[in-house]
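Visitor: Each chain, letter by letter, is given below.
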Amino acid sequence: VQPPEKPLQAEEWNKLREDFQSPGIFEEVMLNSMIRCNSPIDVAKSLLTHLAKRDGDIAYNVLVKYLTLCVQQRQVSEICDVYDIMKARFKILESGAYNLLIKGLSNSDQWRMALTLLEEVKKIMIPSRTCYESCIKAASRHQEMKLAFELYDEMLAKDVIPTLDVLQSFFDFSRGMKDAELQKELFDILLYLRENQIYPHKTFMRSIKLWFESIPGGNWRGHLTNIKDSGQCPVCNHQLEDSNLTEEEYSNLSERIIRDVIHGTDTFRKTSPQEFEAFQTFVENRLPFDIVIDGLNVSHIKSRRMQCENLFDAVNCLAKENARLLVLGRKHMLMNSSHWKREIMKEMQNKAEFFFAENISEDDTFLLYATLRSGKHCKFVTRDFLRDHKACLPDSLTRHLFRKWQRGHQISKKNVFPLFFSQQPAFRYDCVVQTTGDTWHIPYKDVFEEKYSYQVPRKWLCIQQK
Amino acid sequence: MQSANMLLRKIVRSSTLPFAARYGMKKDLFPLSRTLSLSLCLKQDRSCEPSEKLDLDEWKKVMKSGLQEEVSETVSEPKELSSLAAARETLEMWRLAGRAVPENISEEQLKTFMECPSKSAKKKYLKYLHLKELHKKNDRRKMEEKRERRLEAQDQTSKTEETKKNSLVCMWSSTMDKAYNWRAAQSMIFGQPLVFDMSYEKEMSLREVTNTVRQIVLSESCNRRSVDPFHIHFCNFKDDSLYHREFIKQYREAWDKLLITVTDQCYTEIFPKDKLIYLTADSPKVMKTFDHDKIYIVGSMVDKSIKTGVSLARAKRLGLETAALPLEKYLLWSTGAKNLTLDQMMHILLTLKDTADWKKALEFVPKRKYCGFVNRPVTELKKTLHLMNTLKLGKGREEVQKQFAKSYPKKYKLK
Numbered sequence: 001v002q003p004p005e006k007p008l009q010a011e012e013w014n015k016l017r018e019d020f021q022s023p024g025i026f027e028e029v030m031l032n033s034m035i036r037c038n039s040p041i042d043v044a045k046s047l048l049t050h051l052a053k054r055d056g057d058i059a060y061n062v063l064v065k066y067l068t069l070c071v072q073q074r075q076v077s078e079i080c081d082v083y084d085i086m087k088a089r090f091k092i093l094e095s096g097a098y099n100l101l102i103k104g105l106s107n108s109d110q111w112r113m114a115l116t117l118l119e120e121v122k123k124i125m126i127p128s129r130t131c132y133e134s135c136i137k138a139a140s141r142h143q144e145m146k147l148a149f150e151l152y153d154e155m156l157a158k159d160v161i162p163t164l165d166v167l168q169s170f171f172d173f174s175r176g177m178k179d180a181e182l183q184k185e186l187f188d189i190l191l192y193l194r195e196n197q198i199y200p201h202k203t204f205m206r207s208i209k210l211w212f213e214s215i216p217g218g219n220w221r222g223h224l225t226n227i228k229d230s231g232q233c234p235v236c237n238h239q240l241e242d243s244n245l246t247e248e249e250y251s252n253l254s255e256r257i258i259r260d261v262i263h264g265t266d267t268f269r270k271t272s273p274q275e276f277e278a279f280q281t282f283v284e285n286r287l288p289f290d291i292v293i294d295g296l297n298v299s300h301i302k303s304r305r306m307q308c309e310n311l312f313d314a315v316n317c318l319a320k321e322n323a324r325l326l327v328l329g330r331k332h333m334l335m336n337s338s339h340w341k342r343e344i345m346k347e348m349q350n351k352a353e354f355f356f357a358e359n360i361s362e363d364d365t366f367l368l369y370a371t372l373r374s375g376k377h378c379k380f381v382t383r384d385f386l387r388d389h390k391a392c393l394p395d396s397l398t399r400h401l402f403r404k405w406q407r408g409h410q411i412s413k414k415n416v417f418p419l420f421f422s423q424q425p426a427f428r429y430d431c432v433v434q435t436t437g438d439t440w441h442i443p444y445k446d447v448f449e450e451k452y453s454y455q456v457p458r459k460w461l462c463i464q465q466k
Numbered sequence: 001m002q003s004a005n006m007l008l009r010k011i012v013r014s015s016t017l018p019f020a021a022r023y024g025m026k027k028d029l030f031p032l033s034r035t036l037s038l039s040l041c042l043k044q045d046r047s048c049e050p051s052e053k054l055d056l057d058e059w060k061k062v063m064k065s066g067l068q069e070e071v072s073e074t075v076s077e078p079k080e081l082s083s084l085a086a087a088r089e090t091l092e093m094w095r096l097a098g099r100a101v102p103e104n105i106s107e108e109q110l111k112t113f114m115e116c117p118s119k120s121a122k123k124k125y126l127k128y129l130h131l132k133e134l135h136k137k138n139d140r141r142k143m144e145e146k147r148e149r150r151l152e153a154q155d156q157t158s159k160t161e162e163t164k165k166n167s168l169v170c171m172w173s174s175t176m177d178k179a180y181n182w183r184a185a186q187s188m189i190f191g192q193p194l195v196f197d198m199s200y201e202k203e204m205s206l207r208e209v210t211n212t213v214r215q216i217v218l219s220e221s222c223n224r225r226s227v228d229p230f231h232i233h234f235c236n237f238k239d240d241s242l243y244h245r246e247f248i249k250q251y252r253e254a255w256d257k258l259l260i261t262v263t264d265q266c267y268t269e270i271f272p273k274d275k276l277i278y279l280t281a282d283s284p285k286v287m288k289t290f291d292h293d294k295i296y297i298v299g300s301m302v303d304k305s306i307k308t309g310v311s312l313a314r315a316k317r318l319g320l321e322t323a324a325l326p327l328e329k330y331l332l333w334s335t336g337a338k339n340l341t342l343d344q345m346m347h348i349l350l351t352l353k354d355t356a357d358w359k360k361a362l363e364f365v366p367k368r369k370y371c372g373f374v375n376r377p378v379t380e381l382k383k384t385l386h387l388m389n390t391l392k393l394g395k396g397r398e399e400v401q402k403q404f405a406k407s408y409p410k411k412y413k414l415k
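From first to last, the protein sequence lines are chains C and X.
Position 293, counted from 1, in the first sequence is what the UniProt record's numbering calls 293; the numbers after and before it change by one each time, with no gaps.
Position 412, counted from 1, in the second sequence is what the UniProt record's numbering calls 412; the numbers after and before it change by one each time, with no gaps.
What the hints contain is simulated information worked out from the structure, not anything from laboratory work.
It cannot be assumed that every hint is accurate.
Distance condition first, Cα-Cα at most 25 Å in a straight line; then the derived PhoX-like pairs of lysine-lysine [to be verified]:
1) C/K123 - X/K122
2) X/K122 - C/K122
3) C/K302 - C/K331
4) X/K307 - X/K329
5) C/K91 - X/K61
6) C/K331 - X/K111
7) X/K111 - X/K249
8) X/K329 - C/K122
9) C/K6 - X/K60
10) C/K91 - X/K122
11) C/K331 - X/K402
12) C/K158 - X/K61
13) X/K257 - C/K341
14) C/K351 - C/K320
15) C/K15 - X/K60
16) C/K91 - X/K406
17) C/K341 - X/K119
18) C/K91 - X/K60
19) X/K61 - C/K53
20) C/K53 - X/K329
21) X/K61 - C/K6
22) X/K285 - X/K307
23) C/K158 - X/K111
24) X/K119 - C/K158
25) X/K402 - C/K390
26) X/K122 - C/K158
27) X/K111 - C/K123
28) X/K249 - C/K122
29) C/K158 - C/K123
One chain only, chain C, in its complex shape (with noise of 0.2 Å):
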């Protein structure tokens, strides 16, 4: 349905209502194609009033959708007329109706209104994110960085996640500030990232640079680099933190790990108890392991036909330097099949041990166990992200620990032809946010991206005070 160009006398409308093939809905699909086509508020206000004129009264959802056209258009004057005439009619407004004033309000002079919004809505809802987000803008676009940080504050201690966005704008909004307590704020963001491990994109790094570089006295410089393989920064010539687990972190993340992932709410859903147990004495009689392999997940690296030979090439590339692997394998590997020849097995249970669960089983506990018990610097080989194993876990900083566990001790596949497997994993530094009080870096991706990858980011943005 196209709306008209020009405000309608109410004779016309009705003309187009019954030429419409559901009068009944004839406002909504109006409203909504008005606000798809950004027709002139004229338009919108002709067809408010013929409806007026007509039942006496407007219905709710007619005037949030008129509201989402005004805030489109930036009217502020009718925004404020809308929220007066809703409040008085309607008690209390619901979310969707608080989300556009709030959005209005704050992109205009009468954004100190939005504040107010935002107390009444406090006492029915939780405020959602859009509404604090708006407000926060609103009050840094005024420089009022203070009551934006208080907002900020409110937020996270409500639960609410900020977007990079609003972030940002902290950022944005504070370039040339010369303030000992708006510093401090700033760099709690950037802990904030630290803690939670988001990595900025490059407009927001871009904004983090040029707010160090811009703060008057600082003396800061800001430089993009690549770091090392041993973990040291060209620029600046520091060590970045290593990616090794504290003895107290690792006994922790171990203890969680056995106690939630392995044994979780029943062991017969993923193994059973005996094979476990079996499993257990196993490992126990042969520890310390230097590397455990995920059998199936590597022998199928390359094509179906070619199974055996994949995992038989994967453990003659990692027993190199007497590394000592354990191989976790399922019993159909033992009967002599085209896939599995009873002589290749043979020649790598040679240089690896072994261990056959069951067919149905799952495998990935057995070899979270084996390298949690092995020690710190055993590393686990499968292309598995292991994601539903993190999930298992119950707090976000043991999530974290695992990630970074993980991140450390998974090795993966460095090429496919020839396959070649590398004894040391990917980052021997910690790949987050760090500082020394007058260094900074920050690893940064090229772009944004909405769900969280497993993607480690390979740019740094390395900040010096000289």
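Assemble the complex: chain C is given as a structure, and chain X must be docked to it using the hints.
Guide: Frame of chain C, contents of chain X only:
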């Protein structure tokens, strides 16, 4: 201005628009036609504008005047709303805004809504209540219409006054019920037992328990009506569990009159272990024939949220034999879960019992899940297909003979 008007009239007269000619002459009373929004007709516009301007804000005046009347009526102060009342208000506003929210919501449902853990859980629950209400309304409306039509038809037929003559004996449904009950009683003494394992209460949500109970009711009824019913046992059934409450809700008085065995013991205590077979879709072993001496166990669980391996875990823990239906073997599966509902299972088992025909039994699997029934196992068909392909490609005779011998070693011996 005069020349502009002349130009306008020329354009207007030469075009084929219907209102064109009249527009040039009449200014005020005729409605503004969308087709002539030319920028040339300034003179006409200005005369229309003031009347339009007044119109545009009129809705506000109408609303405000309506509000003033309301405000004068209610003078009381707005009170602080309790959380439940506030939730109810929010729901009402959401409904006005056009979201999928039911009109009437009871206290219990409101409490469940407040306890929903996340925003999306809340939305889903409201949508479910809304749809339920909608379906009920539609059903009521259809019943009314049907009743009206029936009354009209009756009025018409009563005018003709025909007496109906029927040569059939009058068969009341209570007679049929008695016959079924006799059969069920006989099965309790002589029939093959079938166990429903009712120990899955903790793993299911309330909605899933309701669904399970409904499926069991259906399966019990179809069992009663069959030629040779099973003797149904509910094992691990605790008194005053969710299951019990739901059964009473569904059956009401008939719950006490059902001819089934209900016990809170486990099936391993009632029957010997070597005779039990647990039917579960996760089992690695495939069922080949229906054994009339064994006792089959079906887990009464509905898994709307995926619960792989739970029933298998139970069977493993007790050390029982497991089996899965040969769905892969006999059906060309397309899309759909291999978990079947309890009443489908009952139909399949009953058909297997009476006729050991897999084709008839697997008719009860929903047709959308598979695209064809194969009488012989799929692996056999693949071999034949492979053979046909080799023949088509025109490879040597020896090749064909070798393949045939490999595929069917018993039938054809290489000479």
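Visitor: Under the constraints set out in the numbered hints, which ones does this structure not fulfil?
Guide: 6, 8, 11, 12, 13, 16, 17, 20, 25 and 28
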